[in-house]
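**Student:** If you want the building blocks of each chain, they are given just below.
Number of protein chains: 2
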Amino acid sequence: MLRARIAATAAYQAGTPRTTAELAIASAQTRSIDELQRMIGIDSRHFADAGETVASQAAVVVQLALDKAGIAPCDVKRLILTNSTGFDMMCPATSNVVLDILGMDGTCGCLDINNACVGFLSGLDYAARMVHTGISPVVVVASELGSQHIRPDDPRPYLIFGDAAAAAVLTEPEAGAHVGFSASHFGNYGKYRESVVMYHASLTGQRETLQFLKPGKEIAKLAVLGLRTVADDIFAQSGLNWDAVDWVVPHQPNGTMLKDIADLFGISTEKLVPMVQYVGNVGSASTAVGLAELYRTRTVTSGQTILLIGVGGGLSYGGLLYHVG
Amino acid sequence: MLRARIAATAAYQAGTPRTTAELAIASAQTRSIDELQRMIGIDSRHFADAGETVASQAAVVVQLALDKAGIAPCDVKRLILTNSTGFDMMCPATSNVVLDILGMDGTCGCLDINNACVGFLSGLDYAARMVHTGISPVVVVASELGSQHIRPDDPRPYLIFGDAAAAAVLTEPEAGAHVGFSASHFGNYGKYRESVVMYHASLTGQRETLQFLKPGKEIAKLAVLGLRTVADDIFAQSGLNWDAVDWVVPHQPNGTMLKDIADLFGISTEKLVPMVQYVGNVGSASTAVGLAELYRTRTVTSGQTILLIGVGGGLSYGGLLYHVG
Chain A
5 MLRARIAATA AYQAGTPRTT AELAIASAQT RSIDELQRMI GIDSRHFADA
55 GETVASQAAV VVQLALDKAG IAPCDVKRLI LTNSTGFDMM CPATSNVVLD
105 ILGMDGTCGC LDINNACVGF LSGLDYAARM VHTGISPVVV VASELGSQHI
155 RPDDPRPYLI FGDAAAAAVL TEPEAGAHVG FSASHFGNYG KYRESVVMYH
205 ASLTGQRETL QFLKPGKEIA KLAVLGLRTV ADDIFAQSGL NWDAVDWVVP
255 HQPNGTMLKD IADLFGISTE KLVPMVQYVG NVGSASTAVG LAELYRTRTV
305 TSGQTILLIG VGGGLSYGGL LYHVG
Chain B
5 MLRARIAATA AYQAGTPRTT AELAIASAQT RSIDELQRMI GIDSRHFADA
55 GETVASQAAV VVQLALDKAG IAPCDVKRLI LTNSTGFDMM CPATSNVVLD
105 ILGMDGTCGC LDINNACVGF LSGLDYAARM VHTGISPVVV VASELGSQHI
155 RPDDPRPYLI FGDAAAAAVL TEPEAGAHVG FSASHFGNYG KYRESVVMYH
205 ASLTGQRETL QFLKPGKEIA KLAVLGLRTV ADDIFAQSGL NWDAVDWVVP
255 HQPNGTMLKD IADLFGISTE KLVPMVQYVG NVGSASTAVG LAELYRTRTV
305 TSGQTILLIG VGGGLSYGGL LYHVG
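Protein chains in written order, with the working numbering: chain A, 5 to 329; chain B, 5 to 329.
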């Protein structure tokens, strides 16, 4: 067991809601709004205002999470920022800007992690291992501004992606408390990296945006393969099974895939907190927002277990089993 | 003590050597070659050939390091890739491509870390905590192709940056062996993020390159501040001092700063392996190449200690104290 406690979570969507109806008009869709909404399972998502950055959105949600945890920013030892679209800059790490905004300069170490939609779970894994080995508190924050990297004439990404950030604060548990991460699994499959890509504009010499380069059905099949691998290994490690899991926080790329995931594993919808319909696909922030929404809207109690599980570009897949303290 | 053993290291410079004399002509320098070489302390560096990528260079050096360790790629559990110029793509993580090249798909988890020049040390910190908590072997690889992001008409970066990759393989030590990382420190200071920057070309709408936006003397002062903080805290944690350190592997941004670092701490040059004169500033790969050069050119024996220490864009600073097993 990696002994680390989720002390607080928070989620935040910068900007204003944009309905699927609005975006359908902007991208000259011929399908009816009802049909589109049924296909993607997303009614609205936020698009941040001009001037908003990955760092500014992250800073808001880190402050919210730290307030809930009752921890001052200057007491945080490490901050991990995740993003899937190149952050705000290539160099230095964008997480430095979060430290500057929140007055954490010189008291905290930070770094940027990219593992596409699984980035937040990778960050959580690092944070849990830090806390377990004596570094506490640690903040993991996922901040995505997908709206900056989509365009109406490429409707598959345009109708799906949205903007959001979410954070988790991890602290050392009290002595003797049965709390922490009992199992985890992370894997990647680079051969399938073209499922969702955004190229490096300084290398290609043109503006780059998020693109889906494989058919949706092919991506869905790979997603199933990844999720099965994660769940099987986590249950093998922990000796538990789906019945013993109280809450499931899956990556929510769109409404259809969320339903497919629930059906695949036979998970009761009562164990899930669906939110993709008003958040959209928010990349690495999806599992982070899902976790925050779980704590905000449900009664999560000591002794329960939460399975965080995701699959995304790379192909990346990963998950952690958390025991609530 | 984080129990983890450096089982093997390797370094690799893609492409061909370019002398400072050559680059001085290309960038129309008016200073003499002797004066330039004295100012920057770099005689040559490699520029990779067209078609080389961060991932291809990383794959070469990971294979070299695994061969030395006698470990098959398919047995590696995690791979961490670090870079300071946006990797090969924004999404997914470029480390996926390394897995694909080396046949590690489906057997290894990977992720990309950016903490500018301190990235490799951040990766090493995560890797050490993974091995200590039961995930082994783990590979950390830094791969930088700075030559893709500099231009002759901006000579400060153009004359400094080079291309290189280096990797370290971490494994679980034998029971009872006194080996691992006894102390570490990581900090950032976002207010000084403009010391070295590369903006996001998809956000600015123009090709972006690495730029120094602060005077060299100001950056050098900040570097000293960062390095002092790291060393002081590592010695406070470990109860050791400079006399007890057998080898120092510092970030080597240029020859002048390397000399300043040695002078600042009164480190005997016999404890250092200077290599910036034929490698250039290779960002996060600098400490990785330095570590590989230490193992390749010196007799590193059980019971010795190695201080890895770096400062870079962000401002980022960090270090780890390693006990050789």
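The set of hints was computed from the structure by calculation and includes no laboratory data. Watch out, some of these pointers could steer you wrong.
No distinction is drawn between identical chains; accordingly, a pair holds when it is met within one copy or between any pair of copies.
[Stated by the list, open to error] When the alpha-carbon atoms are kept at most 30 Å apart in a straight line, the in silico DSS-like pairs for lysine-lysine are as follows:
1. K81 x K225
2. K72 x K225
3. K275 x K195
4. K221 x K195
5. K221 x K72
6. K72 x K218
7. K81 x K218
**Student:** Please flag the earlier hints that this structure goes against, numbers listed from lowest up.
**Tutor:** 2, 3, 5, 6
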